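Input sequences plus hints: build the corresponding full structure.
Next come the chains, spelled out residue by residue.
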Amino acid sequence: MNNETLASRRQRSTTICAYVFLIPVIALMVIFLFYPIVQTFINSFTSWNGISANKTFNGLYNWNKLIHDGDFWKAFLNNIKIMVLSLVIQMPIGILLATFLDTGGRKYNFFKIIWFLPLLMSSVAVGYLFHYVLATNGGIISGISQLFGGGVVDLLGSQKLALYAVIGVICWQFIPFYMVYYMAGYSSISEDLYEAAAIDGSTRTQYIWRIALPMLIPTIKSAVVMSVVGSLKYFDLVYVMTNGGPGTSTELMATYMYKNSFVTYNMGYGSAIAAGMFILITAIATIIMRVMNSGGDD
Amino acid sequence: MVSGKKKSHVGWIIAVILAIFWLLVAFVPFMFMVLTGFKEKLEVILGGALAFPKSFYLDNYLSIITDLSFWNYFKNSVIVLVLALFFLLLFAAFAAYPLSRFQFKGRGFMYFLIVACMSIPIHVTMIPVFQMSISTHLYDTIWILIPTAVAFAMPISVFIMTGFMQGIPKELEESADIDGCGRYKRFFRIILPLSTPGLSTLAIYNGVNIWNEFIFAFTLTQSEKNRTLPLALWNYQGQYSSNTAMIMACLTLSVLPMIIMFSILQDKLVKGMMAGAVKG
Chain A
1 MNNETLASRR QRSTTICAYV FLIPVIALMV IFLFYPIVQT FINSFTSWNG ISANKTFNGL
61 YNWNKLIHDG DFWKAFLNNI KIMVLSLVIQ MPIGILLATF LDTGGRKYNF FKIIWFLPLL
121 MSSVAVGYLF HYVLATNGGI ISGISQLFGG GVVDLLGSQK LALYAVIGVI CWQFIPFYMV
181 YYMAGYSSIS EDLYEAAAID GSTRTQYIWR IALPMLIPTI KSAVVMSVVG SLKYFDLVYV
241 MTNGGPGTST ELMATYMYKN SFVTYNMGYG SAIAAGMFIL ITAIATIIMR VMNSGGDD
Chain B
1 MVSGKKKSHV GWIIAVILAI FWLLVAFVPF MFMVLTGFKE KLEVILGGAL AFPKSFYLDN
61 YLSIITDLSF WNYFKNSVIV LVLALFFLLL FAAFAAYPLS RFQFKGRGFM YFLIVACMSI
121 PIHVTMIPVF QMSISTHLYD TIWILIPTAV AFAMPISVFI MTGFMQGIPK ELEESADIDG
181 CGRYKRFFRI ILPLSTPGLS TLAIYNGVNI WNEFIFAFTL TQSEKNRTLP LALWNYQGQY
241 SSNTAMIMAC LTLSVLPMII MFSILQDKLV KGMMAGAVKG
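Order-wise, the sequence lines are chains A and B.
No gaps in the numbering here: position 111 of the first sequence is 111 in the working numbering, and each next residue is one more.
No gaps in the numbering here: position 170 of the second sequence is 170 in the working numbering, and each next residue is one more.
Do not take every clue at face value.
[Stated by the list, open to error] Listed next, the stretches of chain A that the computed footprint assigns to chain B, with coverage defined by at least 3 CB atoms under 8 angstroms from CB atoms of chain B:
#1 29-35
#2 53-66
#3 108-118
#4 132-142
#5 229-238
#6 259-268
[As the list claims (entries may be wrong)] To give a feel for the contact side, a few chain B residues facing chain A, derived at Cβ under 8 angstroms:
#7 Gly11
#8 Ala15
#9 Ile17
#10 Ala26
#11 Met33
#12 Val34
#13 Tyr111
#14 Tyr139
#15 Trp143
#16 Arg183
#17 Gly238
#18 Gln239
#19 Tyr240
#20 Ile247
By construction, these hints were calculated from the structure, which means they are not laboratory data.
None of these values were measured; they are calculated from a predicted model.
Beta carbons: idealized from backbone N, C-alpha and C, even for Gly.
See below:
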């Protein structure tokens with residue numbers, strides 16, 4: 001027996017062992033991710049109510065309908081608005097809060113605890129809470145407005161403003177997440193760097209602008225990708241808070257898909273929406289990642 | 001901290017003022033929720049939104065706590081959480097072990113495949129999963145919520161765990177190898193015990209998400225007795241939609257376990273969330 005066969009035999013047993021350990025994960029992903037995705041695409045070419053076995057092939061009918069469906073594109077546009085405003089609002093505030101905590105140190109732990117609170121609530125709870133916070137009757141915003149002699153403010157009842165109210169709530173919920181995210185980024189920057197900068201006579205402000213923030217760029221990039229993907233698939237919060245209304249003013253791709261599939265039981269078309277959503281999200285995420293990676297050499 | 005000395009004072013004061021402003025933004029809705037829960041139905045309408053309750057009216061909380069169906073939701077949530085976390089952590093550790101420490105054919109591809117799944121929107125799988133739950137007769141049972149929770153939390157968990165296991169020194173395993181300890185044994189005897197810190201952050205990160213899961217619980221279960229706590233809110237909302245105080249009491253109770261956990265674990269929880277956040 002020469003060395004080579006021994007080595008290759010050992011290599012083979014390593015490979016077998018590796019796949020034995022991977023079996024449960026592979027099985028779960030095939031059953032709950034890969035197979036359903038393929039099945040959704042297949043269903044998108046059928047007319048089907050989801051309950052009967054009666055699934056009839058109808059070619060590109062659903063896709064054609066989707067492409068000409070004004071409501072779907074309105075929903076997509078709403079997702080895009082959420083995406084853009086989330087980036088513009090959440091990223092800077094998240095960075096500011098994290099910078100504050102990083103600069104302030106342990107003394108300001110109290111701030112961290114309170115700021116963190118929204119992250120503990122489920123999206124459903126946040127949705128309901130703000131349904132009442134923003135209510136005209138006994139809500140906070142209207143209460144404050146009345147206190148200063150103004151009238152009631154019906155944010156969620158207004159076709160124009162409802163989406164922005166929803167975006168505000170989304171920011172309230174997710175800013176702590178990005179705060180924690182950037183804190184993680186800051187904590188990976190060595191304290192030595194600050195000390196070295198301080199010895200060279202740099203102030204804290206200079207340190208933040210010239211050293212810490214540039215080093216945070218990779219973290220910011222991945223936060224942007226997460227925020228984009230998250231914005232395009234929002235569901236829970238909007239579903240319970242406005243249910244897409246008033247009218248279609250806060251309808252999102254995911255709520256539209258849900259309503260078609262599980263409220264009106266038009267699962268063929270629902271599948272087409274889901275598949276369309278999948279394609280759009282993948283495309284946008286890919287573009288964003290390309291843009292990000294071409295921006296720097298990391 | 002070294003930071004104190006060289007901060008410019010005016011700048012810092014402005015920063016603190018802004019920080020306090022954000023403190024109010026984050027906290028006032030919470031205060032509204034907890035305080036309103038202590039009000040009587042009419043008091044909510046007549047008194048101001050942020051007024052202190054006249055007397056701490058306990059009936060809202062009491063009527064939820066003494067309601068058996070609330071405890072049933074709670075029980076379902078706990079069962080799903082415990083079982084899902086157990087399998088999630090075990091399987092994630094299984095997968096992370098070879099991915100982080102073996103050289104084998106297809107390793108790069110497997111890793112890519114798992115990590116790429118992190119951005120899949122749940123909705124694209126919903127209808128087929130719904131179908132599967134019906135054909136396996138798991139529809140409208142809490143048991144279907146366990147594999148779905150495990151499967152959807154798996155990609156990010158494997159990602160975090162792989163990163164963690166890469167940090168365990170190779171020498172420990174090599175010496176065990178020389179002593180004739182096989183790969184499977186090494187995993188259970190050496191790697192798994194050494195991964196406890198990683199597993200606990202993973203448990204915290206996923207625990208919060210599983211506890212709050214809504215969409216699958218909503219589509220895959222139907223009867224009240226088989227639903228989890230986030231759906232309790234849904235049902236109470238249907239029942240008491242005009243009784244703001246009652247809903248707020250219910251919301252407060254649903255957040256309470258998380259707040260208690262947070263006050264015990266605090267930094268660990270933040271670190272757990274940070275572990276979920278660190279990805280390249």
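- Which earlier hints turn out false for this structure, listed by number in ascending order? Hints 2, 9, 12, 13, 14, 15, 17, 18, 19 are the ones this structure does not satisfy, whereas the remaining hints hold.
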